Every structure is written in C-alpha cells, then in structure tokens.
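Quick mapping for you: the protein sequence lines, in order, are chains A and B. For the first sequence, our numbering puts the final residue at 366, and the numbers step up evenly by one. For the second sequence, our numbering puts the final residue at 1126, and the numbers step up evenly by one.
Quick caveat, the hints were computed from the structure, so don't treat them as lab data. A few of these clues could be false.
Have a look at the derived ranges for each label pair, beta carbon to beta carbon [as the list claims (entries may be wrong)]: (1) A:Val-78 x B:Pro-1074: 45 to 53 Å; (2) A:Glu-95 x B:Glu-1032: 43 to 51 Å; (3) B:Gly-1016 x A:Leu-334: 40 to 48 Å; (4) A:Gln-144 x B:Asn-1034: 29 to 37 Å; (5) B:Asn-1112 x A:Thr-142: 50 to 58 Å; (6) A:Val-117 x B:Ala-1086: 43 to 51 Å; (7) B:Asn-1112 x A:Gly-72: 34 to 42 Å; (8) A:Asn-162 x B:Pro-1046: 47 to 55 Å; (9) B:Leu-1073 x A:Glu-76: 48 to 56 Å; (10) A:Ala-343 x B:Tyr-1029: 43 to 51 Å.
In silico DMTMM-like pairs for lysine to aspartate or glutamate, Cα to Cα no more than 20 Å straight-line [said to hold, decoys possible]: (11) B:Lys-1024 x A:Asp-152; (12) B:Lys-1088 x A:Glu-139; (13) B:Lys-1088 x A:Glu-145; (14) B:Lys-1027 x A:Glu-145; (15) B:Lys-1088 x A:Glu-59; (16) A:Lys-108 x A:Glu-79; (17) B:Lys-1088 x A:Glu-95; (18) B:Lys-1088 x A:Glu-148.
None of these values were measured; they are calculated from a predicted model. Glycine residues also receive a C-beta, built at the ideal position from the N, C-alpha and C atoms.
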Amino acid sequence: MKSQSCSFTLPRVYHGPGTESLVYPHRDKGHHRPAISGHQAIHTEETVWMSQVYTINLESRYLLIQGVPALGVMKELVEQFALYGAIEEYHALDEYPAEQFTEVYLLKFQKLHCARVAKKKMDERSFFGSLLHVCYAPEFETVQETREKLQDRRKYIAKATNQGDCFVLKKVEGPKKTETSEHDCPWSTSGSYAASNWNPSCFTSSHGISHNTGHPSGNHNQSLLTSPHYDNNCAEASGYFGQNTSLTPSVHLGGRTPPASLMQQRMVPTYSGIDRFMPRTTHLQERKRKREEGNRFSLLGTNADNTEVIIGPQLPQIPKVDMDDESLNTSATLIRNKLKEVADSVSVEKPESRSAKPVVKQRRRI
Amino acid sequence: MLTEDNETLVEFAVGGLCNLCLDKTNKEYILEANGVEAIINCLSSPNEETVVSAVTTLMFLTTPQSRHQTTALPVVECMLRFSLSANKRLSNLATLFLEDYCSPPQVEEARNLSKHTAVGIPLPKD
C-alpha cells in the first residue's frame, strides 16, 4: 500500500477503495454518509447504499467512538459501554480528527462479542445531545491479539459445526504453541450466540423448562439466555463430548470438572456425592424422562392386572413426577392436589352457571 | 466470481469466503474447486478489504494437503511485503501468516529471492 497523507475533512466521510489514508483507515460504508471530496464521486454512487461485509478481520475488541460531546463525559461514556461487557482500557484519542466540540475515544473490551453487542447498540445512539458513531478499530490490535482473535474464530466454528477441525488447529499451531490458547473466550463467545446457534442442541436439554412451566416455546430463548454460561457450558459439554480432546477448554465455573467427567456424571445420575452439582440440564432431562414414563403409566394405567377392558387411552392425569427431593415432592403434591380441587370445583360449577343465564357478550366500549 | 471487474463484488465475495471457509465441507469444496489460486489473485487487489480477507482466507484454508499451495513461494514473498506495510491490519495478518503458517526456511527462501527480483504477485496498484 503506498503512503498517503492524512486527508480528513470530516471523520464520517465515506472513503472509497484505495483512497484511504493509512493512519486513520476507518471505513464507514455501512453508514450511508455522502462523500465530501469530488474525486470519490465515482465510487460512492453505487456503493454508498450497500452495506458492508463483516469478516473476522474487521471486527475487533477495540471500538472507536466518535461524536462524543466535549463536555467532560468520559466517565459516563465508559459506564454506558461497560453495560455490555468488561472494558480493559479506554482513552481519548486527541490526535484523531474530530468535529468541532466532539471528542474521539478508543475503548478496548475484554471480549470480542461484548464489543460486537456494544457497537450494535450504541452506534447512532444519542449521547448527551450528540449522535455517537461507533466502529471497530482492528488496526489498534497487536499481532498477538489478532492471532488470538483468529484462533477464537476457528474454535467457535469448529464447535458450532460440531466438527473435529482440531487436526488443522494442532498442525498449524503445533510449532508455535508456546502459550496456551485455551481461554475462557470460546465459552463466553458462544454464550452470546446462544440465541441463534445453540438452540438446536440446547433445545433437547432445556425442553424440560417449558414443559414444567407450561410456557410456549417462544420462551426457550429467554430461559436459555437468562440462565447464563452455566447452562450453555453444560449443554455444549454434553453436546460436544464427541469432540477431540485437544479442543477441551477448561470450564470456568468456580472449579467445575472438565467436560469428560461431566459426561460421566450424566451417565451415572445417581452418583450421590455430586448430586448437588449435577448440571441443571441433566436434572431436567431426568425429570423429562420420568415424566414421560409417568405419562405412559397414566395412559396405560399402573395396574399390572388389567381386569377391565380399557378402550382407548385414559384421560391424561396430571403426571406425578418424582422430583428427587423431599421438599420439592411435597410442594408438587400440594400443588397437584390443589389443581385437582380447582378442576373439580370448576367442572361442578360450570353446568350450574350454564343453566342460570346466557353469557352476555361483551361489547366494545369505544 | 473472484475475477469479476466490479471490485465491490470481489470484496464481498472474498469476505464471504473468509467467513465460511472454516467449515470443513466448505473448505474441501473450495480446495477442490481450485479456489486457492483465485484467492491468491485477490492479494493484488487495490481494495484493502479484499486483500485482508484474502490473507485470512488463505490462513483458514491451509491444511496439510493444501499447504504447498497456500504457502507457495510467491505467496510468502507477498506476505513479506505486506508485513512491512504501514497498514497495521495488513501487516499484522501478514506477520501472523509468516509466523504461524510458514516454516522458517520458506520465509528465508522468500526473503532471499525478493532481494534479487520482483517476481511473483504484483504489488497492489494503490
């Protein structure tokens, strides 16, 4: 790339290909701003409306924030962004060209996916009366950070596609493996993809949630996302047990056991010593299994000797699930009885009310 | 597709390849369809994004089988030049490529060669 002098007039100018300055190469293609300088007109016509293609190169833990009003609001700005994740570093970029009365800040997030979310949410957001302009700043990365970024991307893909790509990983990183590339980043990055990618694998294990609470399936996402890393980790661990061992990162959950033994726990659910610490998904699966068995029994009847001929399935009773816990069982029984009571009382009342008077149809009042 | 004249299309194409080439099936498909060659051609694009995506795609496509292609001498040479670029992103990626994906003898060979002639991939026409 040949050198060019910095030629900024406004920071948000769209720069067509090949006309960027080397020092501040920020491409704002996705922001639909008109170009200023005349010689770029040829490029801008057709491209200004096209959105940008985001690759892993473009994304970065570093975020550049322009348009911050020069009111001494650095603290508030950082606090606002810290809502999306831990921030490692931040400082103002005084040498960066900025509009009058605005400042430019550089923020470094600890995790890439936090930066991603923060950018998405905070871009074009009003902040103290001024519109913020947030973009990635990968050019501030060091070589090592870029390396880690690409490695994390590889790992994420390997997990997401449920494949053992580790052969390539090992081969490539073999000669250069000085530091461990096992961060907790893969886990946390995957946490953010819960909504889109993990549902297929997590659905089976978290199916119990919806069943127990009777919520529609739309709440799957919520229950997945609100129960943070714990569930995701366990779901992943159980889902990707078949993964090659070189891809087993340590599960950071206050000293949890690695995935291998997690699987073992799953196989032996009655292992009393760690009953308390059995993953919730395993609990739910157990309950689901028992519930299904219970359903089966409720349909067929638990009588070993069927003296009377039953035509067709019995009415499904409320399944009696053994929750493996005394207190839970008592509560469950109480609730069940109550439900039965209410159901009975409703069925008794209904015929009475029906004979009393026809239901008056509510009319709209407006 | 990567030989199209419209640079934006090429940029998006390589970007797309970069995003999906880590998947095993896609990787094999690309390698079989001789995609490495097309991507190497993108290294000389005037478009910065295209070049950056091409470098990353080459990295991701490097397998023991395709290594001889993706780390061919002209490629290593090109990476050497990129690693000296003032564009931090490009130089970072090129450095990574040389460090992680090329063996020291390869780098040495390329370094020696570039001292004499300017063969290989032409510099981007910036």
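B:Lys-1088 and A:Glu-139: Cα distance at most 20 Å? 5 Å, holds
Between A:Lys-108 and A:Glu-79, is the straight-line Cα distance small enough, at 20 Å or below? 13 Å, holds
Range hint compliance [Cβ, A:Gln-144 to B:Asn-1034, 29 to 37 Å]: Given range 29 to 37 Å: holds, Cβ gap about 33 Å.
For the pair B:Asn-1112 and A:Gly-72, does the Cβ-Cβ distance stay inside 34 to 42 Å? 56 Å, violated
Going straight from one Cα to the other, do B:Lys-1088 and A:Glu-95 come out at no more than 20 Å? 17 Å, holds
Quick one, are B:Lys-1088 and A:Glu-59 close enough, alpha carbons at most 20 Å? 14 Å, holds
For A:Ala-343 and B:Tyr-1029, compare the CB-CB distance with the range 43 to 51 Å and indicate the outcome. Since A:Ala-343 and B:Tyr-1029 have Cβ atoms about 58 Å apart, the given range 43 to 51 Å is violated.
Assess, step by step, whether the Cα of B:Lys-1088 is no farther than 20 Å from the Cα of A:Glu-148, and give holds or violated. 16 Å, holds
Check the hint pairing B:Lys-1088 with A:Glu-145 against an upper bound of 20 Å on the C-alpha distance. 12 Å, holds
Please check whether B:Leu-1073 and A:Glu-76 have a Cβ separation lying inside 48 to 56 Å. 54 Å Cβ-Cβ, so the 48 to 56 Å window holds.
Does B:Lys-1024 pair with A:Asp-152 here, judged by a C-alpha cut-off of 20 Å? Distance ~16 Å between B:Lys-1024 and A:Asp-152 Cα, so the pair holds.
Could you tell me whether the CB distance from A:Asn-162 to B:Pro-1046 stays inside 47 to 55 Å? 39 Å, violated
In summary, the structure is inconsistent with hints 3, 5, 6, 7, 8, 10 and 14 from the numbered list given earlier, while agreeing with the others.
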